[in-house]
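Visitor: Residue numbers (the working numbering), protein chains in the order written: chain S, 11 to 328; chain F, 601 to 896.
Be aware that a few hints might be false.
The list that follows gives simulated cross-link-like pairs (lysine to any residue, SDA-like), each with its CA atoms no further than 25 Å apart [claimed, not checked]:
hint, chain 1, residue 1, chain 2, residue 2
1, S, Lys45, F, Leu687
2, S, Lys45, S, Ala65
3, S, Lys45, S, Arg69
4, S, Lys45, F, Gly797
5, S, Lys45, F, Ile726
6, S, Lys42, S, Arg323
7, S, Lys42, S, Leu64
8, S, Lys45, S, Leu57
9, S, Lys45, S, Gln66
10, S, Lys42, F, Ala752
11, S, Lys42, F, Leu707
12, S, Lys45, F, Ala798
13, S, Lys45, F, Arg887
14, S, Lys42, F, Leu695
15, S, Lys45, S, Phe55
16, S, Lys42, F, Val719
17, S, Lys42, S, Gly53
18, S, Lys42, F, Ile643
19, S, Lys42, F, Arg802
20, S, Lys45, F, Ile859
21, S, Lys42, F, Thr696
22, S, Lys42, S, Phe55
23, S, Lys42, F, Thr799
Not everything, but these chain F residues come out facing chain S in the computed CB check (under 8 Å) [said to hold, decoys possible]:
hint, residue
24, Gln685
25, Ile723
26, Ile764
Hints were generated in silico from the structure; no laboratory data involved.
The structure presented is a predicted model; accordingly, all values stated were derived computationally and were not measured.
Just so you know, even glycine gets a beta-carbon here, dropped at the ideal spot from N, CA and C.
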Amino acid sequence: MSTDSATTGLVRRAAVRAGQPPRSATRRNATKRRKLAFALPAGVFLLVFSFFPLAQLARMSVSDVSARTLNQPWTFVGGENFAASAAQGSLFPAFGNTIIFVLVVTVVGLIGGLAAAILLSANSWLSAFVLGLMVFIWALPPVVNGSVWKFLLGDAGLINSVITGVGLSQQAVPFLYDDRFALLSVAVVNSWAVVPFNALVFRAGILGIPAETFEAARIDGANRWQEIWHMIIPAVRPTTLVLAVLTVVYAFRSFDFIFVMTYGGPGVATSTLPFLSYLQAFVRFDFGMGAATAIISVLLVLVLAVIYARSVRAEEKS
Amino acid sequence: MSAMNTAPAPSTAAARPDAPRPRRTRRRFEPVAGSLRVVLLLIYAIPILFIVLTSLKDRGDVISSQSSFLFTPTLDAYTAALSNQGLFVALQQSLTIAAGTTALTLLIAIPAGYGLARVDSRITTIGLGLLIVLQMVPQTANVIPLYQIFGAWGLLNQNIGVIIADTALLVPFAILLLRPFFRAVPEALEEAASIDGATVMRTFWSIMLPIARNGVATTGTLVFLLSWGEFLYAVNFFLSPGNYPLSALLAQQVSAFGIDWPGLMALGVITSVPILILFSFTYRLLREGLTLGAVK
Numbered sequence: 011m012s013t014d015s016a017t018t019g020l021v022r023r024a025a026v027r028a029g030q031p032p033r034s035a036t037r038r039n040a041t042k043r044r045k046l047a048f049a050l051p052a053g054v055f056l057l058v059f060s061f062f063p064l065a066q067l068a069r070m071s072v073s074d075v076s077a078r079t080l081n082q083p084w085t086f087v088g089g090e091n092f093a094a095s096a097a098q099g100s101l102f103p104a105f106g107n108t109i110i111f112v113l114v115v116t117v118v119g120l121i122g123g124l125a126a127a128i129l130l131s132a133n134s135w136l137s138a139f140v141l142g143l144m145v146f147i148w149a150l151p152p153v154v155n156g157s158v159w160k161f162l163l164g165d166a167g168l169i170n171s172v173i174t175g176v177g178l179s180q181q182a183v184p185f186l187y188d189d190r191f192a193l194l195s196v197a198v199v200n201s202w203a204v205v206p207f208n209a210l211v212f213r214a215g216i217l218g219i220p221a222e223t224f225e226a227a228r229i230d231g232a233n234r235w236q237e238i239w240h241m242i243i244p245a246v247r248p249t250t251l252v253l254a255v256l257t258v259v260y261a262f263r264s265f266d267f268i269f270v271m272t273y274g275g276p277g278v279a280t281s282t283l284p285f286l287s288y289l290q291a292f293v294r295f296d297f298g299m300g301a302a303t304a305i306i307s308v309l310l311v312l313v314l315a316v317i318y319a320r321s322v323r324a325e326e327k328s
Numbered sequence: 601m602s603a604m605n606t607a608p609a610p611s612t613a614a615a616r617p618d619a620p621r622p623r624r625t626r627r628r629f630e631p632v633a634g635s636l637r638v639v640l641l642l643i644y645a646i647p648i649l650f651i652v653l654t655s656l657k658d659r660g661d662v663i664s665s666q667s668s669f670l671f672t673p674t675l676d677a678y679t680a681a682l683s684n685q686g687l688f689v690a691l692q693q694s695l696t697i698a699a700g701t702t703a704l705t706l707l708i709a710i711p712a713g714y715g716l717a718r719v720d721s722r723i724t725t726i727g728l729g730l731l732i733v734l735q736m737v738p739q740t741a742n743v744i745p746l747y748q749i750f751g752a753w754g755l756l757n758q759n760i761g762v763i764i765a766d767t768a769l770l771v772p773f774a775i776l777l778l779r780p781f782f783r784a785v786p787e788a789l790e791e792a793a794s795i796d797g798a799t800v801m802r803t804f805w806s807i808m809l810p811i812a813r814n815g816v817a818t819t820g821t822l823v824f825l826l827s828w829g830e831f832l833y834a835v836n837f838f839l840s841p842g843n844y845p846l847s848a849l850l851a852q853q854v855s856a857f858g859i860d861w862p863g864l865m866a867l868g869v870i871t872s873v874p875i876l877i878l879f880s881f882t883y884r885l886l887r888e889g890l891t892l893g894a895v896k
């Protein structure tokens, strides 16, 4: 039935068009344009609950706002919040932490994701089971995953039992409360959490390679490593670009794992820029300073968004 | 471990009836790949195993050795959790917030995803760019001003406040995920319907929505999962832990000193069971839908 009406519709449409092409075309465009009205509720909602808050954040970042003056008129202080935040000595370390954190999560997340995708693109019950398990873990609340890793990385936890048991170290490694290890530990756990998603996307790219390509390579005597290097990696390159930006954004926004595992500590060792803004606003109740730090991260996001838009456009062209 | 090498032998790679397409068998690579697959399994299975194991331990067992596999299982942590009235309130809060957020997000994002899929103009490009930016903004940059704004508007300490904040957080993601599903529907179908006299609303409702239902189901599932796990808004907008959903309760307990691990893990299991149920129904959908949304 639906095909019937579709064909008759098309025939009628063609007849109308033949009669008066220009007017019909403009009308068609206008009808189409009217469909933008469907986006109106979302536009209004986001204007009130996303863009207005961001404007408020910008205003807050140049004002003196404490818990007491939060709902009173704010006094304008210009760049004072930024200066005070830098003078406290946590802003620049947080900046450095953010870069290290994003780098580790992106590199481990992408390489781990690709490796997992290659391993799991074979058609076996084990691959199917592991993929299902990984996606389930990805779907679990980060607070659950963060809790269990905090447990496993504790002094008497599994990881330390293995390390001391094997004899790699005499004492337990202070994964989460030592300056040298804490940031890396949280970053690696974050990568662990993002690998399932990346693997799923990479896997779709690998399954998209025609089977004949692999057969041809095999006839030519290519081994599996050559297949990975010369066929799989070139095939997933455009996906990698988009996925890299998504992973960078994911790492940059990361909040849940830091909150659960280290709460930004020890000291400021695991405070990234977004986390520092939270601490400044909701722990030290200096909302102006927290807003200033948050504005810096929003500006960084704008840079990332431009890169993302370009990489998507590049992929659509290819 | 070496005994496991032969586990996924090529013979198991025979095409299953439900496989999406015929796949090639892999021979020479299998021994290495097989053991690596088992490593991958361990990396993801052990944490899950430990959540469950620890939740079945006695408090004393955990103090003596956290990593032992041999112990007398006890349901003490669960009985303690379930005898606490607060748990049911938290479960109810989680359900209300996640269901409310999913409904409100879909209500707003479905029409928007359709509109932005059908019109190619400068406004669309700008709109999509803004959505991408919003999706990238760290949540902490939203929670700071929203706390003040909700305070002024009397939305603090109310479910609707958290639902609105979660919706604002997830609408950009939902629109960007839904748009390709609507774009995949041929425009000729719609034109035919409109020539046959169907209004734009009717076309949308009885042609577009049924065809794009997979996209709607995928998006709805993901929004539910994400709002179920969200705790930053809940922790800050609810003024007392009595109103916390499960995720916020967990976040509060795990960052406290002197953690009661069996109790915490039991709470983790209770928080995860609804996710497991939802996941077992929607896994296939997620596996296909996620990749579409991420790449387009």
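Visitor: Look at each hint and say if it fits the structure.
Guide: Each hint, compared with the structure:
1. S:Lys45 <-> F:Leu687: 46 Å, violated
2. S:Lys45 <-> S:Ala65: Measuring from Cα to Cα gives roughly 29 Å; hence the hint is violated.
3. S:Lys45 <-> S:Arg69: This hinted pair is violated, its Cα atoms lying about 35 Å apart.
4. S:Lys45 <-> F:Gly797: 17 Å, holds
5. S:Lys45 <-> F:Ile726: Distance ~16 Å between Lys45 (chain S) and Ile726 (chain F) Cα, so the pair holds.
6. S:Lys42 <-> S:Arg323: 24 Å, holds
7. S:Lys42 <-> S:Leu64: Violated - the C-alpha atoms of Leu64 (chain S) and Lys42 (chain S) are around 32 Å apart, more than 25 Å.
8. S:Lys45 <-> S:Leu57: 19 Å, holds
9. S:Lys45 <-> S:Gln66: 31 Å, violated
10. S:Lys42 <-> F:Ala752: Not satisfied, since the Cα-Cα distance of roughly 40 Å exceeds 25 Å.
11. S:Lys42 <-> F:Leu707: 21 Å, holds
12. S:Lys45 <-> F:Ala798: Distance ~14 Å between Lys45 (chain S) and Ala798 (chain F) Cα, so the pair holds.
13. S:Lys45 <-> F:Arg887: Violated. Lys45 (chain S) to Arg887 (chain F) sits at ~31 Å, over the 25 Å cutoff.
14. S:Lys42 <-> F:Leu695: 39 Å, violated
15. S:Lys45 <-> S:Phe55: 18 Å, holds
16. S:Lys42 <-> F:Val719: Roughly 6 Å between the alpha carbons, so the hint for Lys42 (chain S) and Val719 (chain F) holds.
17. S:Lys42 <-> S:Gly53: 18 Å, holds
18. S:Lys42 <-> F:Ile643: Violated, at roughly 51 Å.
19. S:Lys42 <-> F:Arg802: Cα-Cα ~15 Å, so holds.
20. S:Lys45 <-> F:Ile859: 54 Å, violated
21. S:Lys42 <-> F:Thr696: Given that 25 Å is the threshold and the Cα spacing comes to 37 Å, the pair is violated.
22. S:Lys42 <-> S:Phe55: 23 Å, holds
23. S:Lys42 <-> F:Thr799: 13 Å, holds
24. Gln685: 22 Å, violated
25. Ile723: 6 Å, holds
26. Ile764: 6 Å, holds
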